[in-house]
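Residues per chain are reported as follows:
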Amino acid sequence: MTYNFKEMGWTDVRDQFRKWRENNERCSDDVIQLWEAVLETRVQKTGNERHLILEQVIIAAFDTSRLDIASKCIQLLSTEFPESLRVMKFEAMRLEAMQMYDEALELLDEIIAKDETNAAPRKRKIAILKAKGKRVEAIKDLCDYLKIFMSDQEAWHELCGLYLAEGEYSKAVFCMEEVLLHNPHSHLIHQRIAEIRYTMGGMENIEISRTYYSQALKLNSNNLRALYGLYLCCSYIANSRALGSKRKEAQKMAHWALETAALRTTKSSKINSNDKLISSLESTLASLDIKSN
Amino acid sequence: MGTKIVNRIMLIAGLISLLHSAFSAAHHRTYLRLTEQDWTRLPLDIVVQIVVSLLVVVYNLIQVVGNFKEIRATVDMQEKSWDTLGNLPSFYTFNHRGMALYQNYEPEESSSAGGSKSSLDVDY
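Chains A and B, in that order, are what the protein sequence lines are. Going by numbering that gives the first Met the number 0, the residue at position 214 of the first sequence is 213; the numbering climbs one at a time, nothing skipped. Going by numbering that gives the first Met the number 0, the residue at position 63 of the second sequence is 62; the numbering climbs one at a time, nothing skipped.
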C-alpha cells in the first residue's frame, strides 16, 4: 500500500504506527516509507511513544535491509540509554541481520550473563538457531526455555510452529492447547487446533476436531474456514464405519454446514446469478469420466 | 485532538458550574442558619444546576477521553485474522527474501575455487 505522504500529517502517521504496533502487523516497507517521508524529522514531538516508534522502525529497517536507518536509530537509543540491555539486544539483532550469527550469539550470551531473568535475549538465541536452519536444536532450546518461563504465550506458539514444521503433530497440539489456555475466546486458535487434529487423522481425532470447529463457529459465526472444516469432519464421520446414530447426526450437520457455506459465498460473491453458474459447473464436473486406455 | 476543543471547554464549564452550585449550596446553608429556619431541602434552582452540570461533566469527559472498547471478548476477535495473530515479534528472523528485494542488497561474491557453497546454503 502506498500512502499519500503530502496528505498525512505526522499525527496521523504516529497513530498509524501505533495501530500497527498494537495489531502486531509486520508491514515493514510501509513503516520505512512513512518514516523517511514524514516522521524522521519530527520524532522528537512524539513524546512518550518515541522509543517504541524507534524500536518499530529498527525492526522494519532490518526487514527491508536498510541497515543505515537501523544503525542510526540504534545510535539514537544508545545515546539516550547508555548501558541498556534492551539496546544491546537490538545491536545483536543488527549482527543477526548482517548474518554474523557467531558475534550475535556472543553478544546475547553477554546480555544473559548480566541478567539471568531477562527472557528476550534467550528468545533471540532461539531465533538465530531457527534462521540457521537448525530446527531440532531450536526445539530443544525452546523446551528448556519453557521449563523456566512457563507462561510465555509467544514461546508456546513458536514451539507449535516448529513442531508442525517437523511433522510432530501431537506435540504441536499440546503447545497450541497451552496457547489456548491464555486466549480462550480466540476462534482462530480453536480453528488451528481443529486443523492439526484433522491432519493427524483417525476417528478420535476427527471427532475432537469437529468439537473444536464447532467451538470456533460458536465464537465467530463468520468463520468460513471453520464451517468448511466442520463439513469435512462430518462427511468423514458419515462415511466411516461408526454407529448408525452418529452417522446420521454427522450427515445432518454436514448438510447444514454445506448449505450455510453456500449461502454465505453466494451472498458475498460479486458475480450476478452465481447459483445458476455454479449448478451448471457442478453438473459438468459430475459428468466427468476418467478413462483409462 | 483539535475537534475536541468544544468538549474540553464544555468540560471545564461543567466543572466550574458544579463548583459554583456547591458554593451556593453552602451559602444557602449559612443563610438558613442565620435566619434560624429548618433545613430540609435545597432550593430548586441549585438542585437543577447540580444535576445539569453533572450530566455535562460526565458526557464531555467521556467524549474527551476516547472510544469505548467492546465488552464481549469474542466480538473484538472476529475482525482478526491469522496474518496478524501468527506474528511473534520476539522470534522474528531476518534472513528472508525481503533482504534481496530492497535497494541496498549486495550479493556475496562466491569464490570460484570453492564453488559449491553459496550464501543460500544452510548449515545442518
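Hints are supplied without guarantee of correctness; some may be wrong.
Stated by the list, open to error - Beta-carbon label-pair distances, calculated as ranges:
| no. | chain 1 | residue 1 | chain 2 | residue 2 | range |
| --- | --- | --- | --- | --- | --- |
| 1 | A | Asp101 | B | Glu69 | 47 to 53 Å |
| 2 | B | Ala25 | A | Arg20 | 26 to 32 Å |
| 3 | B | Leu60 | A | Gln250 | 33 to 39 Å |
| 4 | B | Thr73 | A | Tyr227 | 47 to 53 Å |
| 5 | A | Glu79 | B | Phe67 | 34 to 40 Å |
| 6 | A | Ala112 | B | Asp82 | 19 to 25 Å |
| 7 | B | Ile11 | A | Leu51 | 54 to 60 Å |
| 8 | A | Leu223 | B | Asp75 | 39 to 45 Å |
| 9 | B | Asp75 | A | Leu51 | 45 to 51 Å |
| 10 | B | Ile15 | A | Ser70 | 33 to 39 Å |
| 11 | B | Ile61 | A | Asp114 | 30 to 36 Å |
| 12 | A | Gln250 | B | Asp75 | 32 to 38 Å |
Claimed, not checked - Each computed SDA-like pair below joins lysine to any residue, with the alpha-carbon atoms no more than 25 Å apart:
| no. | chain 1 | residue 1 | chain 2 | residue 2 |
| --- | --- | --- | --- | --- |
| 13 | A | Lys88 | B | Ile4 |
| 14 | A | Lys170 | B | Ile4 |
| 15 | A | Lys131 | B | Arg96 |
| 16 | B | Lys3 | A | Arg41 |
| 17 | B | Lys68 | A | Lys124 |
| 18 | A | Lys131 | B | Arg28 |
| 19 | A | Lys71 | B | Ile4 |
| 20 | B | Lys68 | A | Arg41 |
| 21 | A | Lys133 | B | Asn94 |
| 22 | B | Lys79 | A | Lys71 |
| 23 | A | Lys18 | B | Leu14 |
| 24 | A | Lys18 | B | Lys68 |
| 25 | B | Lys79 | A | Thr264 |
| 26 | A | Lys133 | B | Ile4 |
| 27 | A | Lys217 | B | Glu69 |
| 28 | B | Lys79 | A | Lys124 |
| 29 | A | Lys131 | B | Glu69 |
| 30 | B | Lys79 | A | Arg41 |
| 31 | A | Lys124 | B | Glu69 |
It is worth saying that the hints were derived from the structure and are not from the lab. Note that the coordinates shown come from a computational prediction; the quantities given were computed from them, not determined experimentally. Beta carbons: idealized from backbone N, C-alpha and C, even for Gly.
The hints, checked one at a time:
1. A:Asp101 <-> B:Glu69: 47 to 53 Å: Between Asp101 of chain A and Glu69 of chain B, where Cβ atoms are some 48 Å apart, the hint holds.
2. B:Ala25 <-> A:Arg20: 26 to 32 Å: Since Ala25 of chain B and Arg20 of chain A have Cβ atoms about 49 Å apart, the given range 26 to 32 Å is violated.
3. B:Leu60 <-> A:Gln250: 33 to 39 Å: Roughly 57 Å apart at Cβ, these two residues miss the hinted range, so it is violated.
4. B:Thr73 <-> A:Tyr227: 47 to 53 Å: Once the Cβ atoms are compared, 20 Å apart, the range 47 to 53 Å for Tyr227 of chain A and Thr73 of chain B is violated.
5. A:Glu79 <-> B:Phe67: 34 to 40 Å: holds (35 Å)
6. A:Ala112 <-> B:Asp82: 19 to 25 Å: violated (37 Å)
7. B:Ile11 <-> A:Leu51: 54 to 60 Å: violated (31 Å)
8. A:Leu223 <-> B:Asp75: 39 to 45 Å: With Cβ atoms ~19 Å apart, the hint is violated.
9. B:Asp75 <-> A:Leu51: 45 to 51 Å: With Cβ atoms ~22 Å apart, the hint is violated.
10. B:Ile15 <-> A:Ser70: 33 to 39 Å: Cβ of Ile15 of chain B to Cβ of Ser70 of chain A: about 53 Å, so the range 33 to 39 Å is violated.
11. B:Ile61 <-> A:Asp114: 30 to 36 Å: violated (43 Å)
12. A:Gln250 <-> B:Asp75: 32 to 38 Å: holds (35 Å)
13. A:Lys88 <-> B:Ile4: violated (42 Å)
14. A:Lys170 <-> B:Ile4: violated (56 Å)
15. A:Lys131 <-> B:Arg96: holds (14 Å)
16. B:Lys3 <-> A:Arg41: Given that 25 Å is the threshold and the Cα spacing comes to 23 Å, the pair holds.
17. B:Lys68 <-> A:Lys124: violated (37 Å)
18. A:Lys131 <-> B:Arg28: Not satisfied, since the Cα-Cα distance of roughly 80 Å exceeds 25 Å.
19. A:Lys71 <-> B:Ile4: violated (38 Å)
20. B:Lys68 <-> A:Arg41: Not satisfied, since the Cα-Cα distance of roughly 30 Å exceeds 25 Å.
21. A:Lys133 <-> B:Asn94: Within the cut-off at roughly 14 Å; holds.
22. B:Lys79 <-> A:Lys71: violated (34 Å)
23. A:Lys18 <-> B:Leu14: violated (33 Å)
24. A:Lys18 <-> B:Lys68: holds (15 Å)
25. B:Lys79 <-> A:Thr264: holds (20 Å)
26. A:Lys133 <-> B:Ile4: violated (57 Å)
27. A:Lys217 <-> B:Glu69: Distance ~18 Å between Lys217 of chain A and Glu69 of chain B Cα, so the pair holds.
28. B:Lys79 <-> A:Lys124: Given pair Lys79 of chain B, Lys124 of chain A is violated - Cα atoms ~29 Å apart, limit 25 Å.
29. A:Lys131 <-> B:Glu69: With Cα atoms ~43 Å apart, Lys131 of chain A and Glu69 of chain B exceed 25 Å; violated.
30. B:Lys79 <-> A:Arg41: violated (31 Å)
31. A:Lys124 <-> B:Glu69: violated (38 Å)
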